[in-house]
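Student: Position one of the sequence shown corresponds to residue 1 (UniProt numbering), numbered consecutively onward.
Honestly, the hints are just simulated from the structure, not real lab data. Among these hints, one or two may not hold up.
Here are the simulated DSBU-like cross-link-like pairs (lysine-lysine), alpha carbons at most 35 Å apart as the crow flies [said to hold, decoys possible]: (1) K137 / K53; (2) K207 / K140; (3) K137 / K345; (4) K345 / K262; (5) K279 / K345; (6) K207 / K53; (7) K207 / K79; (8) K320 / K279; (9) K36 / K345; (10) K320 / K137; (11) K53 / K345; (12) K279 / K53; (13) K279 / K262; (14) K53 / K36; (15) K53 / K262; (16) K207 / K262; (17) K279 / K36.
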Amino acid sequence: MIENVIPGALQTFAPGTASPIDGAPTLPSLATFDPKVYPPLDTIPPTDTDQVKEWVDAIDWSTIPQIPPTNSKACDDPKNQQALAEAGPNGRCWWSCGQCLRDVDITTCANQMDYGHGYDDGPVFYTNKILSYLNHKGYKATFYVVGSRVISYPQIVQYQYMTGHELSVHTWSHAAIYGKPELNLGLTSLTNEQIVAELGWTRKAIKDITGVSPTTFRPPYGDIDDRVRAIGLAMGMMPIVWTSQPNPNGGEAIQWDSGDWKVHGNQTDAPSNQANFNKILDMSSNLDHGVVVLQHDQYVEEVDLSIGFTLPYLEAHSPKFNIKPVMQCQNRPLADAFEETNTNKDNPALTSDEPVQNRRTNLGYPASHPAASVSVTLSLSTASNTGTATHTRSATQTPPNGGNSGAASRTVGSASLAAVVGWATLMLL
C-alpha cells in the first residue's frame, strides 16, 4: 500500500523543462546550482554580506515601524513586559500573545469548507512520502519550506514546483530557532537585518532552483508583529498564519493546528491527538469561511498522521472539505503564488505605502461575491500572567474595483462566531 512506502526518489525534470505555469521561466539546471554561495545551514545568516546589504538597501525603511525586537517569543518572558503590553491592535499587533491579526494576514480561506492545505519545515526525506501520496490522490498543497533544507534537497523542491504545488518562504534557520529552547526565538526576536536575511536567502534559494520567487511567507510558530509584517511585505511577500477562533471556555484560542509536532515530541499519542484535531476540524462547518491549517512534513510521525488520519478524515467528512493550496483557497490562481507570474500585482497589501496596520488586501473574497465588501471583526480574550488582554481585529476590505453595486456584505464575527462557540462548548468540555 502506498501509505507504507517511502520513495527513495521522485521524478526528476530536465533543465529547460517548461513550467506548469504559463509565462514562468523554464526550469533551471541543478548542475549549475552552487549551495556554497549560501549561508551555513541551520544558523541565522550573517547580515554583513553584500547580498544582504543589497536586500536591505532595496527596502524603504520609512514604511517599517520602529518596534524593538522581543526578547523571545514567550508571552511569560519577564523581559517581554513592554512587548506584551503593546501586543494588541493599537500596538505592535503581536500574534504570539493574543493572536492579533492585520488585514494583510492570510489566515482563512474565502469559501466555507475550503481547507487551506499545507506543510511546514521541509523539505526532508519524508517529504517524498507525502508527495507520493498527494500525487496518488490528486491533491495539491502549500509547502512552507526552510531555506537550509531547500538547498539540501533541491530535487524535491523542483518536484514540488513542477507538479503544481505552491511554495512559501519559511525562513532560513527555523532549526536554529526551535533547536535552542533556551533562546525560544521567533522572527519578532531578530533584528531588521536578520529578518531580511532569513527571508531573502530562502526566497533566493527557491528562485535559483525553480526560477520563481514566492509571494508569501509563513513565520515560524506564527510569531509575527507589525515590524515583521512590514519587512515581509516590503520584500514582496504576504504573511500566512493559520486559522484561530476564541475559546468559549476561556484561555488560549482554538487553533486549526494539527498538533502533529506534539506526537513527534512524545507529548501525546497519535490517536488522542487526532481525536482532538478532528473535533477542531468539525468546527469548520460552523464558520462562514474556510480554514488554513498547520501541519508538518519534517518527521515521519507527522507525515504518517497526515496520510493515515487527517486526509482520510477530510475525505469522509460531511459536509465535504475542499482541499486546496492556500493561494488558491483565496480564489486566486497558482500563478499568484509566485512573483514572476503573479496576476495580482495591484494588490494594495504589497503596493500601498500606508502603515501596515492600515493596509488592505484584495485576497479572500468568496467566489460568489468577487467584489464583496468584507467587514471583519474578531474579539479575542487571552489570559496571561499579567492579567487578561483583549485583542480585536477590525478591518474593512474594499473591492479591487472600488465598486459595491449589488455586492454582498460578508461579516466574520458575531453570527459565525456564535455557532463556533456553541459547538466548541459541546466538543471541548
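Student: Compare the structure with each hint and give your call.
Tutor: Hints, one by one, checked against the model:
1. K137 / K53: Answer violated: K137 to K53 is near 44 Å, above 35 Å.
2. K207 / K140: 20 Å, holds
3. K137 / K345: Answer holds: K137 to K345 is near 32 Å, not above 35 Å.
4. K345 / K262: 39 Å, violated
5. K279 / K345: 38 Å, violated
6. K207 / K53: Holds, at roughly 19 Å.
7. K207 / K79: 38 Å, violated
8. K320 / K279: 15 Å, holds
9. K36 / K345: 33 Å, holds
10. K320 / K137: The given pair, whose Cα atoms are some 16 Å apart, holds under the 35 Å limit.
11. K53 / K345: 26 Å, holds
12. K279 / K53: 47 Å, violated
13. K279 / K262: Distance of about 17 Å is within 35 Å: holds.
14. K53 / K36: OK: K53 and K36 at ~19 Å, within 35 Å.
15. K53 / K262: 38 Å, violated
16. K207 / K262: 32 Å, holds
17. K279 / K36: With a Cα-Cα distance of about 46 Å, the restraint between K279 and K36 is violated, given a limit of 35 Å.
The structure is inconsistent with the numbered hints 1, 4, 5, 7, 12, 15 and 17, although it conforms to all the rest.
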